Amino acid sequence: MTEHLANAIKAERERAGLTQAALAERVGVSRKTVNTVENGVFTPSATLAIKLARALNVPVEQLFWIED
Amino acid sequence: MTSVEVAERSARFRAYGFLFLAALTCAVMILVRTGRGTDFAQGLWLGLLVGCALNLLPIKRWLRPHNTVMQLLDDEGTRANRRLSCTVGFWAAVATALGFQLAGHFDAAITAEEVGQLVATAGIVCAITAFAILELRAAR
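Note that the protein sequences, when read in sequence, are chains A and B.
Each number in my numbering comes from the position in the first sequence (counting from 1) with 429 added on.
Each number in my numbering comes from the position in the second sequence (counting from 1) with 27 added on.
Among the hints, erroneous ones may be present.
Here are the simulated SDA-like cross-link-like pairs (lysine to any residue), alpha carbons at most 20 Å apart as the crow flies [claimed, not checked]:
hint: 1; chain 1: A; residue 1: Lys-480; chain 2: B; residue 2: Glu-103
hint: 2; chain 1: A; residue 1: Lys-439; chain 2: B; residue 2: Arg-167
hint: 3; chain 1: A; residue 1: Lys-480; chain 2: B; residue 2: Arg-106
hint: 4; chain 1: A; residue 1: Lys-480; chain 2: B; residue 2: Val-96
What follows is a set of in silico ranges between Cβ atoms, one per label pair, in the way DEER data are often shown [claimed, not checked]:
hint: 5; chain 1: A; residue 1: Glu-443; chain 2: B; residue 2: Trp-118; range: 33 to 41 Å
hint: 6; chain 1: B; residue 1: Ala-124; chain 2: A; residue 2: Gly-469; range: 32 to 40 Å
hint: 7; chain 1: B; residue 1: Ala-135; chain 2: A; residue 2: Ser-474; range: 43 to 51 Å
hint: 8; chain 1: B; residue 1: Arg-110; chain 2: A; residue 2: Arg-483; range: 23 to 31 Å
hint: 9; chain 1: A; residue 1: Glu-443; chain 2: B; residue 2: Thr-61; range: 53 to 61 Å
hint: 10; chain 1: B; residue 1: Ala-122; chain 2: A; residue 2: Arg-444; range: 41 to 49 Å
Some but not every residue of chain B turned toward chain A, in silico, with C-beta under 10 Å [said to hold, decoys possible]:
hint: 11; residue: Glu-35
hint: 12; residue: Ala-38
hint: 13; residue: Leu-99
hint: 14; residue: Ala-107
FYI, nobody ran anything at the bench for these hints, they're computed from the structure.
Note that the structure is predicted; figures quoted are calculated from it, not measured.
Backbone N, C-alpha and C fix where the C-beta goes; we use that ideal spot for every residue, glycine too.
Please model the complete structure; the sequences and the hints are all you need to start from.
This is how it looks when you write it as structure tokens:
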């Protein structure tokens, strides 16, 4: 069974009216890191996941969940 | 221009620079190995290889740890790309070394200097190329 960390960053980011660069600025990472996390290419650390959730003003479990 | 935009531009420039460095290192190594290389070419190859290897380390971040752009140029995503590219380089070096080990069975006349040069070049060039590709792909 392969587990995959899914996310709702794009939807929440667009709801907040933010670009990837603006979100990156808020979180303190580069735009490419936001891009790779958003596209599921890179699994973020717990620290980055919490920072992203805080920046988008949503609970972290609403932003990330495990998909089988 | 925001720090994120400056970091984005610098990261892209760094990735293209790495691809150029990798190509130049290979070209100089071919020059040396085909016998047209002088002592200068040998020295240039060694200098390029050491330069490439040092570029795989976050030296700028170590030198300027509080600079925002340097922090963005070595953030979590970049560190993951660096780790992965070093793994690629390691396996490329191992595969090249094993290739020479196999070639040794067929009485190939290979000197220790040639083996060292090719194994080091394969490892470093593959690592730096992988890093550049991962960075450019992430920046799409």
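Original post:
Taking each numbered hint in turn, which are not upheld by the structure, reported in ascending numerical order?
Top reply: Hint check: nothing fails, all pass.
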